[in-house]
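Numbering (the UniProt record's numbering), first residue to last: 1 to 293.
Just so you know, these hints were derived from the structure itself, not from any lab.
Think of the CB as a built atom: it goes at the ideal place given N, C-alpha and C, for glycine as much as any other residue.
Hints are not guaranteed to be accurate.
No farther apart than 20 Å at their CA atoms in a straight line, the calculated lysine to aspartate or glutamate pairs in the EDC-like style are these [said to hold, decoys possible]: (1) K237 <-> D111; (2) K202 <-> E109; (3) K105 <-> E197; (4) K202 <-> E220; (5) K166 <-> E152.
Restraint ranges, calculated between C-beta atoms of paired labels, are given here [claimed, not checked]: (6) T82 <-> N33: 13 to 23 Å; (7) S121 <-> D188: 49 to 59 Å; (8) V18 <-> E83: 17 to 27 Å.
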Amino acid sequence: MFPWIMKFIPGPHKTVLVKWEKLQLFIARVIENHRRDWNPDKPRDFIDAYLNEIEKHADNPTSSFNDENLIVSTLDLFFAGTETTSTTLRWGLLFMALYPEIQEKVQAEIDTVIGRSQPPSMAARESMPYTNAVIHEVQRMGNIIPLNVPREVTVDTTLAGYHLPKGTIILTNLTALHRDPTEWATPDTFNPQHFLENGQFKKREAFLPFSIGKRACLGEQLAKTELFIFFTSLLQKFTFKPPHNEKLTLKSRIGITISPASHREQKGKQEESACPPLKARRLLRSEGTNRIE
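Sequences are here, hints too, so could you generate the full structure?
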């Protein structure tokens, strides 16, 4: 009820508040830089488009198009696009280390379609159905936002016989969807064949990591591009394996998203480590052989 009072109460949250203010100042400076050479007829990005809307509604005192909302909206896009993509990539590298035979098939497709010297591009995705299927299966199994993002019912609604009054907050159980045994042949096992049919990539209606409808993830296309480029680039250059005599685990931790937990196990006991989260040995893939980097 009184969020302003948190500024005066000691505790670790003050570090978060300070960093949040720094981020807001950073975005504010970016907006000012945009304003210096802003051309309403040639918007370059989201900030330029938002500045156009601020200008259109300048005479409306109740308009939500203002600098404060522009800063917060930009930060929303930034956080949503970095945490989710990086977490999905961590799951992807973990699954590759756990399933070396799948990793080899991805690398074989990369070598055939792109090679080892040419940087990956989205133009190659249509010719790489197996890699595309593996990325989709990483998203299905990683299930990083299991209950989606909360939504609010805007009008009284009846859904599947249930009455939902206006203002009701609803959550979508994506876990039930992505692990539905009537939809997936092996719902609890990592299996890229879920997204393949006769060797070609197959879209699945039961796959909704970005939600659906008017309130679907705004960054869906950007996220798909980032995941394909980053994942392919990493597998093009590196082979991921667990450290010698160590076992990887699919245990997760709950935060903003569901992410891989520390998965270094020694003598049956889970132990923390100063190593990077993947705990995987990286092998640099050269033209003739693999060598430890």
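Evaluated hints:
no. : hint                      : verdict
1   : K237 <-> D111             : 10 Å, holds
2   : K202 <-> E109             : 17 Å, holds
3   : K105 <-> E197             : 16 Å, holds
4   : K202 <-> E220             : 18 Å, holds
5   : K166 <-> E152             : 8 Å, holds
6   : T82 <-> N33: 13 to 23 Å   : 21 Å, holds
7   : S121 <-> D188: 49 to 59 Å : 34 Å, violated
8   : V18 <-> E83: 17 to 27 Å   : 20 Å, holds
Hint violations for this structure: number 7 only, all remaining hints satisfied.
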